[in-house]
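Novice: Sequence:
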Amino acid sequence: MKWLIVGGSDIVITSEFIEGVLLNLGFTPMDIKHITTTQQGGVDLYVECCADTHEIDCDTVSPDWFKHSIDAPAILAQQLSAEVDRLLVIWDGDKENGDYTSDLIDACEEEGVLVNEVLMI
0 MKWLIVGGSD IVITSEFIEG VLLNLGFTPM DIKHITTTQQ GGVDLYVECC
50 ADTHEIDCDT VSPDWFKHSI DAPAILAQQL SAEVDRLLVI WDGDKENGDY
100 TSDLIDACEE EGVLVNEVLM I
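By numbering that gives the first Met the number 0, the letter at position 69 of the sequence shown is numbered 68, and the numbering carries on one by one without gaps.
Hints in this document: simulated from the structure, not taken from any laboratory.
Where is the CB? At the ideal position from N, CA and C, for every residue including glycine.
One should not assume that every hint holds.
Unchecked claim - Restraint ranges, calculated between C-beta atoms of paired labels, are given here:
1. Gly19 - Trp64: 29 to 39 Å
2. Asn23 - Asp63: 29 to 39 Å
3. Asp70 - Thr27: 35 to 45 Å
4. Met29 - Phe65: 30 to 40 Å
5. Leu22 - Phe65: 33 to 43 Å
6. Phe26 - Ser68: 28 to 38 Å
7. Leu22 - Ile69: 36 to 46 Å
8. Met119 - His53: 17 to 27 Å
9. Lys1 - Gln38: 15 to 25 Å
Sequences are here, hints too, so could you generate the full structure?
Specialist: Structural data, given as structure tokens:
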């Protein structure tokens with residue numbers, strides 16, 4: 000199963016927190032074959048740490064601002080939504096300040112990807 004795990008750049012958690020969320024969803028890290036995350040800091044850094052700890056293949060991606068300008072996040076969201084089986088978002092739920100995260104959620108829902116949100120308020 001290929002996961003996209005992203006979250007707020009200002010949220011501080013631990014890789015153990017991510018493991019706990021996965022367990023609550025009925026998965027162990029061993030069930031995950033690949034994780035993609037973004038290079039936005041915060042949650043994304045802990046996703047990489049969790050992947051390293053459990054030897055899960057992990058790649059990081061970021062919008063190509065130079066090539067796509069202001070449309071870069073939406074274009075990346077469309078690309079990623081076509082490549083993943085599941086999206087896990089750990090964020091504050093603020094769609095006004097989390098445009099990039101909102102783009103990912105919307106694109107994945109449109110593709111039929113199962114989306115799980117953990118709100119950190």
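Novice: Hint by hint, which ones does this structure get wrong, listed from lowest number up?
Specialist: none
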